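One line per chain: the protein sequences are A and B, in this order. Residue 1208 in my numbering sits at position 32 of the first sequence, and the numbers go up by one each step. Residue 29 in my numbering sits at position 28 of the second sequence, and the numbers go up by one each step.
Since the hints were made in silico from the structure, they are not lab data. Accuracy of the hints is not assured; some may be wrong.
Cβ-to-Cβ under 7 angstroms is the rule here; a few derived chain B residues that face chain A [said to hold, decoys possible]:
(1) L18
(2) I30
(3) F33
(4) P56
(5) D64
(6) Y65
A quick note: this is a predicted structure, and the numbers were derived from the prediction, not measured. Glycine is no exception: its CB is placed at the ideal position from the N, C-alpha and C atoms.
For reference, the chains in residue letters:
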Amino acid sequence: MAHRDRDYGTPPRDSSKTVSLEIDGFKVSVPEGTSVMRAAASIGIEIPRLCATDSLDPFGSCRLCVVQIEGGRGYPASCTTPVGEGMKVCTQNDKLGQIRRGVMELYISDHPLDCLTCSANGNCELQDMAGAVGLRDVRYGYEGENHLGASKDESNPYFTFEPSKCIVCSRCVRACEEVQGTFALTLDGRGFDSKVSPGQMETFMESECVSCGACVQACPTATLMEKSVIDRGQPEHSVVTTCAYCGVGCSFKAEMKGAELVRMVPNKDGHANHGHSCVKGRFAFGYATHPDRITKPMIRASINDPWREVTWEEAIAYAASEFKRIQNEYGHYAVGGITSSRCTNEETYLVQKLVRAAFGNNNVDTCARVCHSPTGYGLKRTFGESSGTQTFDSVMKADVIVVIGANPTDGHPVFGSMMKKRLRQGAKLIVIDPRAIDLVKSPHVAADFHLQLRPGTNVALINALAHVIVTEGLTDEAFIQQRCDVASFNKWRDFVRQERNSPEATANVTGVAAESVRAAARLFATGGNGAIYYGLGVTEHSQGSTTVIGIANLAMATGNVGREGVGVNPLRGQNNVQGSCDMGSFPHEFPGYRHVSDFETRAMFEQEWGVTLEGEPGLRIPNMFAAALDGSFRGLYVEGEDIAQSDPDTQHVLAALKAMECVVVQDLFLNETAKFAHVFLPGSSFLEKNGTFTNAERRISPVRQVMPPKAGYEDWEITQMLSNALGYPMNYRHPREIMAEISRLTPTFKGVSYEKIDALGSVQWPCDDATPEGTPIMHSEQFVRGKGLFMPTEYVPTPERTSSRYPLILTTGRILSQYNVGAQTRRTENSRWHEEDRLEIHPHDAELRGLKDGDWVGIKSRSGDTVLRARVSERVQPGVVYTTFHFPESGANVITTDNSDWATNCPEYKVTAVQVTPVSAPSDWQREYRAFSEEQLALLEKAGAGAG
Amino acid sequence: MGAAVKPGPGQMGETVLDLQRLLTMANQIGDFFAPYPPERRAEGIRNHLRTYWDPRMRQDLLDYIASGGDGLVPQVLEGARLLVETEHDKKGYYGPPKA
């Protein structure tokens, strides 16, 4: 059986004061505030318990954990009794045993005795406690009133709720409140009538439940149980690995039966998630074994030809010969590669190595181009390193939390829960977002300020906040003088204090009342530890990099860098955005963010790799598309990225793909890009390979193989085969050897190794001789660049303007249950929560157009048009519409334009001028898309690979 | 990489990217550096072009400027001039802009 994690019964207490006591005659010293139960557990004495678990505050309801304390009265619950100096505790004697057996008798008298056929058999705390207290008979029969006939709720696709097995310990209710912060569960009724209820006596699916799994995790019986365990039985072993979804990078135990994954259980020792999870990581792993998976390599000469299944040797040889042919005919700059934040560090490292060493150019890019490339630019310039500054845990010491252009409860839900916990403890919250995200108002959380700005005006608002801080004397002069480049500060100060940057002058642009901006600025600057969290609502703009710089300026000006509770925290969209950038996936830099023109760095790579390397930057993704349309770029190797769906201005992207002569896609499914491919190399899911992911807090965590690759090879092996076929030898035997090379060549990874990751569980870079166990908080003594650099941030309006033809601004985002292009989550039951993308429109704008909730609407921009159903909602402000982009047929990127960030070409997904009108039929693009997709799936069927 | 190289557009006097796109990108860079003092402004633009732009894109921009440079903001012309002037003593990585 897979073993349960050690449970100390109550959470640890953080105190510098130690209390000494005796438990059953054994001396023990623990931090002040520790419970007697935990103190006992710390010396190996397990006091029986049912309602206590160390992920939740003690509750004291089950009465099983009673103890006797010398000189004390009665039998106190050890979970709610704190230790006292000199206390003498007895955890076991005849009287205590008698009390516990009596309590257990009552529990069991209202519990079905179906242990042998129960799904929790072998992993049931109630069963364990019956054994622990020595229960031998139950005097009360089933004749009296009981709950055994309570009906089962099977509405949730991933777990069942069987109230007949409930012991009303309230662990699920408390987990929903304390850990997840959703408050979806309640205890309804009192005494014997008490029962756990989702929402207002609704089913789980009808309730507010977000299916994070915290209640299932907390349940000591089979009342809340994963359907996969009910179907398959208890797992027999587990492997610690890292989630493949968002940038939180949660640690999980993949609980297995042989090579079959039974369930994913959040790892209590996970440094990013501390035993919590969300609906994606916890439950949405079924895509890995979905019948749509392609497991045979395929090739075809033209995208109009049927696919042909071939051997790995033939597929690799064909791809290599095509790349060579193209380079011979069009020059060696005519090919390139794109890697993905879904790939491991080792995989992205190999792809960029292949491009630089085997293709002989720097035409390599990664999907961070279209999400967080401005973060890399802005933070490198100002602080000296392209990364966030904090740990996730740091939020628990923040006093004022600023969330800009991010939606943590949907995009980064486990961190969102931690943030909500801190907010419930009293931290203040400033939300800067065009849309009312959940954090603005949700149970027991409300933003102190919601600066609901117009899309595209971030820089004007950040400048206005800075203006208030500077002109009202709220800067941290000591920090600036000691830690920052003072000349740059003086220039920035002179810039932001100009009247044109004041809240009053910018209100017309941002749409935010000046007094709110002033009050928010004062709160941030004077409210204690100020921490800024931001997402793609900052970066995906024509001034994305400028806003990142503006955020860094704000943090430095107020002294909010370099310690816990503060900092600049980019919330990365995908699990390995940070890692893929670290690994040199951008065309201008080697691993560790060192420019390709840097002689010394290049010489080091040339020596290790045995080739001469280009010293000039290569093409970025959008540049590759443009060059393809102009004919100078003809061949592309894409690993793990779906550019045809995720990149803006779809028609432009598709035209570019069609113009290429050889597109090689390495992926799990025939994604949208693969429909334009000539070679398909079947990749491996995160369950099928070894490697590492680096999350948004620079934490390098292990990815461990729990089942063999369905197509025979891990992704790094496929890249290696392609490189060898291209004539550049790679001979790694395991990803640990790739990491060893990375650490040899990258100073910030110098101390990183698989051995260290295994020993520590994870490690945050920089990790070198000075910081052998990593660096949780960056810039603590000095900035990586020495002195923090302030940079002026002139507001430049986006060229994308509303007009009488396009009077609304469309902005985009994502939702909890789906993940980016949806290739994974759409192939799971998560679609039950979100089966289509919809267009949110304000009631005022809907009424003007005669639209009702659920109506089909045409959305037309200067780039294209598509059709979605409307959701009338006051979450958006008048003049702004919003949609998610998880379904390819939605065509969200048919509408978005080719505007991009000035510094990095990160697309401006967040601002598109559109018109919305009632329609009754799909758009022309959607019709063409469906026809083309059907045609491509038919061509796949002919390969015999199964289109699903 | 072999002798028979078909000339790509960048080698035929056409641009690697759509020219309008290239000019828009250049002007955006110019807009960012507009508030900088003149010397730093030109240096910032030069460094940005050299650090991030594929050399063919840089050459396309210089060719366009040589043919008149209509539509480019003045600071881009300054930055491009510095790009040409320092070509002979081009060093490695220029690093971030200074104050």
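Evaluation of the provided hints:
no.: 1; hint: L18; result: holds (4 angstroms)
no.: 2; hint: I30; result: holds (6 angstroms)
no.: 3; hint: F33; result: holds (5 angstroms)
no.: 4; hint: P56; result: holds (5 angstroms)
no.: 5; hint: D64; result: violated (15 angstroms)
no.: 6; hint: Y65; result: violated (15 angstroms)
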